[in-house]
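**Q** If you read the sequences in order, they're chains A and B.
Numbering of the first sequence is given in my numbering, commencing with residue 1 and proceeding in unit increments.
Numbering of the second sequence is given in my numbering, commencing with residue 1 and proceeding in unit increments.
Hints in this document: simulated from the structure, not taken from any laboratory.
Just so it is clear, the structure is predicted and the values come from calculations on it, not from any experiment.
Honestly, I wouldn't trust all of these hints.
In silico DSS-like pairs for lysine-lysine, Cα to Cα no more than 27 Å straight-line [what the hints assert, rightly or not]:
#1 K171(B) / K171(A)
#2 K315(A) / K300(A)
#3 K171(A) / K281(B)
#4 K171(B) / K281(B)
#5 K281(A) / K171(B)
Number of protein chains: 2
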Amino acid sequence: MLGARCLLRALRSCSSAPCPRPKPPARLSVRDALRVQSPSGERVTVQGWVRSVRSQKEVLFLHVNDGSSLESLQIVADSNLESRELDFGCSVEIQGQLVKSPYKRQNVELKAEKIEVVGTCDPKDFPLKYKDRPPLEYLRQFPHLRCRTNALGSILRVRSEATAAIHSFFKDNGFVHIHTPIITSNDCEGAGELFQVEPSSKIKVPEENFFDVPAFLTVSGQLHLEVMSGAFTQVFTFGPTFRAENSQSRRHLSEFYMVEAEISFVESLQDIMQVMEGLFKSVTAMVLASCPEDVALCHKFIAPGQKDRLEHMLKNNFLTISYTEAMEILKQASQNFTFTPEWGVDLYTEHEKYLVEHCGNIPVFVINYPLSLKPFYMRDNEDGPQHTVAAVDLLVPGVGELFGGSLREERYHFLEQRLARSGLTEAYQWYLDLRRFGSVPHGGFGMGFERYLQCILGIDNIKDVIPFPRFTHSCIL
Amino acid sequence: MLGARCLLRALRSCSSAPCPRPKPPARLSVRDALRVQSPSGERVTVQGWVRSVRSQKEVLFLHVNDGSSLESLQIVADSNLESRELDFGCSVEIQGQLVKSPYKRQNVELKAEKIEVVGTCDPKDFPLKYKDRPPLEYLRQFPHLRCRTNALGSILRVRSEATAAIHSFFKDNGFVHIHTPIITSNDCEGAGELFQVEPSSKIKVPEENFFDVPAFLTVSGQLHLEVMSGAFTQVFTFGPTFRAENSQSRRHLSEFYMVEAEISFVESLQDIMQVMEGLFKSVTAMVLASCPEDVALCHKFIAPGQKDRLEHMLKNNFLTISYTEAMEILKQASQNFTFTPEWGVDLYTEHEKYLVEHCGNIPVFVINYPLSLKPFYMRDNEDGPQHTVAAVDLLVPGVGELFGGSLREERYHFLEQRLARSGLTEAYQWYLDLRRFGSVPHGGFGMGFERYLQCILGIDNIKDVIPFPRFTHSCIL
Chain A
1 MLGARCLLRA LRSCSSAPCP RPKPPARLSV RDALRVQSPS GERVTVQGWV RSVRSQKEVL
61 FLHVNDGSSL ESLQIVADSN LESRELDFGC SVEIQGQLVK SPYKRQNVEL KAEKIEVVGT
121 CDPKDFPLKY KDRPPLEYLR QFPHLRCRTN ALGSILRVRS EATAAIHSFF KDNGFVHIHT
181 PIITSNDCEG AGELFQVEPS SKIKVPEENF FDVPAFLTVS GQLHLEVMSG AFTQVFTFGP
241 TFRAENSQSR RHLSEFYMVE AEISFVESLQ DIMQVMEGLF KSVTAMVLAS CPEDVALCHK
301 FIAPGQKDRL EHMLKNNFLT ISYTEAMEIL KQASQNFTFT PEWGVDLYTE HEKYLVEHCG
361 NIPVFVINYP LSLKPFYMRD NEDGPQHTVA AVDLLVPGVG ELFGGSLREE RYHFLEQRLA
421 RSGLTEAYQW YLDLRRFGSV PHGGFGMGFE RYLQCILGID NIKDVIPFPR FTHSCIL
Chain B
1 MLGARCLLRA LRSCSSAPCP RPKPPARLSV RDALRVQSPS GERVTVQGWV RSVRSQKEVL
61 FLHVNDGSSL ESLQIVADSN LESRELDFGC SVEIQGQLVK SPYKRQNVEL KAEKIEVVGT
121 CDPKDFPLKY KDRPPLEYLR QFPHLRCRTN ALGSILRVRS EATAAIHSFF KDNGFVHIHT
181 PIITSNDCEG AGELFQVEPS SKIKVPEENF FDVPAFLTVS GQLHLEVMSG AFTQVFTFGP
241 TFRAENSQSR RHLSEFYMVE AEISFVESLQ DIMQVMEGLF KSVTAMVLAS CPEDVALCHK
301 FIAPGQKDRL EHMLKNNFLT ISYTEAMEIL KQASQNFTFT PEWGVDLYTE HEKYLVEHCG
361 NIPVFVINYP LSLKPFYMRD NEDGPQHTVA AVDLLVPGVG ELFGGSLREE RYHFLEQRLA
421 RSGLTEAYQW YLDLRRFGSV PHGGFGMGFE RYLQCILGID NIKDVIPFPR FTHSCIL
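If we strip away everything but chain A, and leave its shape as in the complex, we get:
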């Protein structure tokens, strides 16, 4: 596979339009050029941005990157091909011959015959510097340029590969993909941290809602997925979700991506947990296979030690403890917590961290949470006196909660009572309908996609694993 530029080239040559100039040598991406096994002088054109210029007496060395891989292609040229405009950051088109490189670091280099500077770059003004490895925090100031660094390039390529791997995992396992709505009239969990949506003031008609009802940005596609799992049995969605939380934490964004799945005819919470573990491990294996250099860069320069931590997670079976067991572990801890662990109270970040360490830094499922802590749709375990629901969270090293899921209450009368107690009966008639007409035991989960990327790459701040982060006081570009 030679990539789209070869596709373009192939298509172009079929075009009926007359070719206005002599055919230039085939365009090759840097990735494809580097993959040529035994280069023997093939004439090619390579395009990209200059990552380094090194001028010796008679020879000019360039490194050119086009984002198709972390690695740049080394260009070797006669020094008479040098020009004043040839500088770090400029864009170039280079024609030449692919030859075997005498240097150890790569197999192939390009012996340039012609170097054209396509777009200049004044190094005085350009905030990225040659040979610099600027901290991620510095780069956040330049959301329109930071993708041109090795670090963000690698992270965003991993993000792209993980996205593809997630779609593959579900497709290969028979799930139907559903676009759950972004704008919704469901105030799903009765949470206060919603964004509301209205036509911008220019066209607002003050007396009425555009949609006749108040409309919000989705916090989860779960309820809509439940509609679809009643037809397709196994469904998933992978899209943006929103929280208007006033948080500057390294784990929260106002806009983030969730992978959510819903499965009908499950027998127990185990069924859901097995898909969660399968998703985590399969997608990670696919990412490691498809862009190992990009992952390695993160593990080497951003999060030393993460490679071993990730391997440890992948080679072990995930553990399972109940919420009640978790509370016992926390109560017996020698550590003093800011929030005293107590049955009936939610787990805080410090607790999650302790539990994961207690479990030997293996991801751990915590199951069966107090009913009083969880929303109306989670399935009642009918136990007692400590009354729980069939909920599950997956805690992972470094990140804490990565997945949340549950069995859903599929029994009409149980659900009806829970809704009535919350005063939601009227709003959720449609949801009750799903239990009136061919109800089935079902459950599902959601995985925070950015947290997943943080977890495998060891990136500390969530703002560095999304192209354009949105959070309180910040919506740049």
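Fit chain B to the given chain A structure using the hints.
**A** The following block gives chain B in isolation, referenced to the frame of chain A:
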């Protein structure tokens, strides 16, 4: 590949948890059951919803569907397995033997040994009826149930397959996937039809914006993709976009999906058009290969004649005319238009329709539009006296505009002047930066995903190709 339920089964059998009951026969999706080539009495469990019940003297016939395919599995049972609860719409679990079917319509049937009704369905209240083929308009009243019909089931499976095919097309051709932001401070095209985003009234602090600046729902990821094409050369996004237009048209939604791509180092508009045509044809070929029965259902019952129309589109090279030529064609038309065609005025739906018919119902690219009609970022053709930009729309039969794209103005001084004229210089400094630091000729396009589905399936109303349509006065669920 036996699907996720077999995955579940396999994983379950590895689980260390003790198995509380004797192992039931392997669960199989309806799709996988129907694919068994030479059934010879394999004992299996099938789960799904009853689509028909036919009771004869001694034999009971059921059709069970689980959404894994359009086709249902025929169940044959001794009539003593019938129960009062076994009715259209109920959910069932059936154990039995897969055997060769004596009937022509399918190869396999399930000889039931045990039929369990999992969830009942009262046919009096259930708005879908056995043997009914209700019109799509009727079904729109039941967004939580309509996916259980053949029509919506097929449309949404096609949507899922098309989604996967789009990701494959771009991945196979070397594009990096980018999640462009949903909330943005860009008022991209200066259009009035934006949705504004604010924290819901519960937590709103009236004096200040949550993001410090007014924030809107995106109308296009283009500008953000341009940022990324400056690092990765070839990028795409596939996500929701929004218009607060007060429209009830069969072609417009408030929330819809766009596939957008941006490509650096292009030589001409032709490069972009070739990717557009390649995307349309490749994705359609993949969809036709992966779910032919679902496409056939639409072509047979919803849009008779569409099969031939689609084949006609696929087997011909798309045509190209200039905007100026298009205007000449329209002026010479014998037809009277509501809006008189005139150079410098946009094409209306009636014009688009005429042009496509004039072109023999082959998709047609219209290129080089008047500069005055188009936004600041489109590349100036520097022609005259009729001044145009390198813009392109693809018009297709039945739908009209399916794609829009352009070369982008990569020349700093041209762009600077255009921005200044629009009073946008300050807001778009970051966009100018992309032209200051290693600018390259580039371009891209967007395709309306719902219109694409309308086009290949022949579905007249856009509300029927999206799971949960949002439009003026309607945001149900």
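**Q** For each hint, tell me whether it holds in the structure or not.
**A** Hint check results:
| no. | hint | verdict |
| --- | --- | --- |
| 1 | K171(B) / K171(A) | holds, 15 Å |
| 2 | K315(A) / K300(A) | holds, 21 Å |
| 3 | K171(A) / K281(B) | holds, 21 Å |
| 4 | K171(B) / K281(B) | holds, 16 Å |
| 5 | K281(A) / K171(B) | holds, 21 Å |
Violated hints: none; the structure is consistent with every hint.
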